[in-house]
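A.B. asks: Chain by chain, the residues:
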Amino acid sequence: MSGQSARYAYYPGCSLHSTAREYNVSVRAVAQAAGVELVEVPDWNCCGATSAHATDPFLAFALPARVLLQAEESGLDILAPCAACYGRLMTAKEEAHRRPDLVARFEKAIGRKLGPAPRILNVLEFLAEPKVAETIAAGLKRPLTDLKVAPYYGCLLVRPSKVTRFDDAERPTSMDKILASVGATPVDFPGKTECCGASLGISRVDLVVELSGRIVQQAKHAGAEAIAVACPLCQTNLDGRQGTAAAKLGEAFGLPIYYITELVALALGVAPGRLGLGKHLTNSLALLRQKKLA
Amino acid sequence: MKRVGVFLCWCGSNIAGTVDVGKVAEQARRLPGVVHVEENKYTCSEPGQAAIVKAIKDQRLDRVVVASCSPRLHEATFRRTVESAGLNPYFFEMANVREHCSWIHTDKETATPKAFDLVRMAVAKALRNEALTRGSITIEKRALVIGAGIAGIQAALDIADAGHEVILLEREPTIGGRMAQLDKTFPTLDCSQCILTPKMVDAAKHPNITLYTWSELEKVAGYIGNFTVTIRRKARGVDETLCTGCGVCQSKCPVKVPSEFDEGMGMRKAIYSPFPQAVPNRPVMDRANCTFFKTGKCKICERFCEAKAIRFDQEDSLIEVKVGAIVTATGFDLFKVEKYGEYGYGLYPDVINSLQFERLVNASGPTDGKIKKPSDHEIPKSVAFVLCVGSRDEQKGTTYCSRACCMYSIKHAIQFRDKVKDGRAYVFYMDIRTPGKSYEEFYKRAAVDYGVEFIRGRPSKIFSRNGKMVLKAEDTLLGRPIEVEVEMVVLAPAMLARNDAAKIAQTMSISYDGYGFLNEAHPKLRPVETNTAGIFLAGVCQGPKDIPDTVAQASAAASKVIGLLSHEQMATEPMIARVSEALCSGCLWCKPICPYQAIEAKTITEKVQGKIVSREVAAVNSGLCQGCGACTVACRDGAMNISGFTNDQLLAEVDELLGASRPACAAE
Amino acid sequence: MPNLKSPLLVSGGPEKRVFLGEVDAMAATHVAACYQCGKCSGGCPLSFAMDYQPRQIMRLVQMGLADEALASNTIWVCATCYTCTSRCPRDIDIAGVMDALRFMARRRGFRPGDRNVGVFHRSFLNGVKRFGRSHELMLFVEYKLGTMRLTEDLPLGAKMLAKNKMAILPEITKGRAEIAALFRESARGAEKGGDKL
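Sequence order for the protein chains is A, B and C. 1 is the number of the first residue of the first sequence in our numbering; add one for each residue after it. 295 is the number of the first residue of the second sequence in our numbering; add one for each residue after it. 963 is the number of the first residue of the third sequence in our numbering; add one for each residue after it.
Warning: the hint list may mix true and false statements.
[Said to hold, decoys possible] Derived DSSO-like pairs: lysine-lysine, alpha-carbon spacing no greater than 30 Å straight-line:
id: 1; chain 1: B; residue 1: K731; chain 2: B; residue 2: K493
id: 2; chain 1: C; residue 1: K1125; chain 2: A; residue 2: K291
id: 3; chain 1: B; residue 1: K690; chain 2: A; residue 2: K162
id: 4; chain 1: A; residue 1: K108; chain 2: C; residue 2: K1136
id: 5; chain 1: B; residue 1: K296; chain 2: B; residue 2: K348
Calculated directly from the structure, the hints in this document are not laboratory data.
The following block holds chain A by itself, in its conformation from the complex (with noise of 0.2 Å):
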């Protein structure tokens, strides 16, 4: 399969355009460097993310699947970046297999008609594609050495696996992998796969400031220096809610929350002007210089 798909459809949903800003540039700032093309899925819509699949099953899959619709016109594998329009556009492909009668809805709301699903990728699964791999594989311009980096899955890159297939659910490495082979020591800790609240960002600030402060809290003890993500809303909840965290624990944090885009792209020799560094709500930066990185 090497040297085949140089050109992905690419979903990015709400948050990549809004409060995740340089998670889009990043992804495609290492898609430009492993001579990637990134096509935008034309006039996608939002996925639903959590709130219609909790409160409303028509639209939990009848959104996704309108996504799916859009990008079937280009014929080429879909890559969703975030954590939580993978796991809507997987969950949506499987419903589509089992649920003839929901589809049959959906067609008939619609007025047009769902064809069988590419492979969703999410963002892991993109850094291990053959030419992201090979890139990174034939040298790095800027190895992140002595970087101690805690990946943090969340939940939804490999929860449910029976619909996401991807990886361990428990222990899984895939992550580690891509840190180690950007020269960074990946840290593992107990909270890998712990929720750090998700959707609940907003509604029950308290919860998540427990949730996230936990898992932070847990990569700091184990020697991180920093924590990897790969889902907005894990970033935006890691790393705005950390301050609060860390006085409501008593202790200091100041761990950045980098997208693990951004640290491939830093990898791949892009420089960290270009990266949108600086919107994270916890110092990003000081580190890097710190490392001679940046």
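Position chains B and C relative to chain A; hints supplied.
C.D. replies: Below, chains B and C without anything else, positioned relative to chain A:
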């Protein structure tokens, strides 16, 4: 003129509930050849059988058809009934209108004509039945017991005490099995090795028992009463007749590898005996790890052996033995608890499994009976025991309950509390299962006398925090989430069939289930027999169980063997292949087809047009033939038939069903 | 658990088990298989904030106590992290049951057991219906107005705006008509079939 009697069974409501038996009887009366029809509520009962005998005598019946249950259940019963009335038992036919009709349909309208179809087919076949005579074979008065754990040892001793020869086969260097690894046994807290080693010595010394350790089952051929078994005696690297078991080679060997017997909690040498009380007390050489075999240098053991018993050039040898019966007692392996990533086995050194704990708490174990944490060799002040790891888990493990883990985990908790007086022991459970004698009392003792703390909740995650192990669970009885901090965690793994159980079963042609446990012939009534005549089961290879049940099953299997070997001869079924030499063209296509190698070429002489000619035909060895029928399919000339299932008989059934009639012709 | 004054009376015919069947059908799972081991609750990261543990919700469904289950805050505090589903030894989709209960609660007119979460989901979907894409700034505003917690969490919002992490203007899909049609179909289903899809 043939006189067929048809006996229709109601089987209570099992058949009569779905089949209008009266209607079938009415129709059966009109079948050609049928002179007597009667119905019975329970034909297999004493009055039912008496009715058959009476009818045979009164009505001068020469063929009997019973329409009832599966022949697998009562064919033998009714053959005996028919025989007792003076009729050849092979004039009996059975129509299965229960398992093949009333038990699988619900609609009487359609089930009744189907039942009648089955009856008329059976009548058509019965009209072509012939008198057959049973053969007999001699029985080899020797048994093979595969596996020398407590099940195999017990079975071997029982058979040997009854006066028969036993070959006891064991793949490890010593006999004793899992019980030798244990410290104490529940509920009495007897020392396991103390109660086991006398039996081990008895087995080794018994004049009727031949012990082959460090040996594997290579091949099994033959059939009940006449098995030919090939055993591979692996190269021990030691001449057992010269070796005195002094142990110097072991102490001098420079290589250390993790000990299988100690479940990785301790080390052993490349030339080793698993434990001090090993029987036979002779070491084996582990060639995969021996320096000499890897690099060509060393041989320290040879240098120091005063008995000159070391043999680097020894090779495996194959021996063949003839036995009449086989007992399979191959034991179990444990679920690989590392499959539960959330429990951290393999990641955290102080998360171990129960068998490893057993080795720690054992006075002759790698830590001299001190419960030491693998991480820092300190004594933990708190231990959590987690039940059902791998059991009762449809998603990641096995569906079944492993039966002994509740009891042995409670035992472990008691042992820990006994040794560490200021320690805390927790048992995380879903249910506590205490089905045996004094088991429930043992559970209470643990909680009351030993202060073991029981928490009802299956832990969801085990991780490390501030140097302690934390179990994250819900106390379901309180309905509150809890985190329990301990220094060591012991996971109770499910008992599994041996890793190579399927291979062993295939070698012996016995059946096994989806988990690799060997199948008993009937789950309720035939727990120690298999569906392969002459092969019996004992111990956990048949399913998870504790020591009392294992020993009981072993003695039960032995009693079956003793019963079998107590006869000089054994009757064989006459439904075997026979050749019509007149039709046989001598192509011998049947010979390679036969799975029992029961067909040979035979030269016969015939007079053809005045000349004496000799030619080859097929000949069936009635001692080897099992009546599988493969040869009859291969035979192009139709010369091969199975007595009692001839082509003519079977075609008559088909023709009867499809409406074409065939005159009953004389037997070929 | 609430303090009941009298024992729970269990009687009547199989019609009393309808709720279990409805939940099973909607979540495509088998709640009757639950043997109350507690592994779901044990691993749930938010169990400490729930009035009923996830395991207890399963028990309420088994016992047909629909009202208590649908009125709980558990189903709204659930973050759908799928830890429960991935560890359940009886292979029950517990997260799916939570989804089903949330949906049934809304259809049957139960106020969300956690008000803020209910407002959030409503605001989110309103945004999607309006523009086809979620507009975070507007989501914030609508949420704040819906919960009347106007000053809470403003610092985070302010920081995000300052770093240009939130779009001022919404992105609007051209296929808005299609999105609207999907929302209409959802509402139509609610009128016609009650809880069925």
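A.B. asks: Could you run down the list of hints and mark each one as holding or not?
C.D. replies: Right, here's what the structure says about each hint:
{"no.": "1", "hint": "B/K731 x B/K493", "in the structure": "holds, 23 Å"}
{"no.": "2", "hint": "C/K1125 x A/K291", "in the structure": "holds, 25 Å"}
{"no.": "3", "hint": "B/K690 x A/K162", "in the structure": "holds, 12 Å"}
{"no.": "4", "hint": "A/K108 x C/K1136", "in the structure": "holds, 20 Å"}
{"no.": "5", "hint": "B/K296 x B/K348", "in the structure": "holds, 18 Å"}
The earlier numbered hints are all upheld by this structure, with none contradicted.
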